[in-house]
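Asker: Given these sequences and hints, build the entire structure.
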Amino acid sequence: MTHMSPRRALVPNPHAPCAECTRITDARHAAERSGDWARAELLRRDSLKHAEAHRG
Numbered sequence: 001m002t003h004m005s006p007r008r009a010l011v012p013n014p015h016a017p018c019a020e021c022t023r024i025t026d027a028r029h030a031a032e033r034s035g036d037w038a039r040a041e042l043l044r045r046d047s048l049k050h051a052e053a054h055r056g
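Residue numbers (this note's numbering): 1 to 56.
This list has only true hints and no planted wrong ones.
Each pair of labels, with its calculated beta carbon distance range:
#	residue 1	residue 2	range
1	Arg55	Gly35	26 to 34 Å
2	Arg55	Ser34	29 to 37 Å
3	Ala19	Arg39	14 to 22 Å
4	Ala19	Arg44	14 to 22 Å
5	Ala30	Ala51	15 to 23 Å
6	Ala19	Leu42	13 to 21 Å
7	His54	His29	15 to 23 Å
8	Arg55	Thr22	16 to 24 Å
9	Ala19	Arg55	14 to 22 Å
10	Ala53	His29	18 to 26 Å
The set of hints was computed from the structure by calculation and includes no laboratory data. A virtual CB, placed ideally from N, CA and C, is assigned to each residue, including glycine.
Answerer: Now the structure itself:
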């Protein structure tokens, strides 16, 4: 029921990615590069929670 959803769905635009998605992804990649796996896992979970906003 995406068209009848009571909340507004954020529609991802591949030409202009969501700023929050970009921030979370960049932070997660930085944590992975530095070996901070606990933080990387937290950011991965935040990313999954945030992705719910893009689903209608």
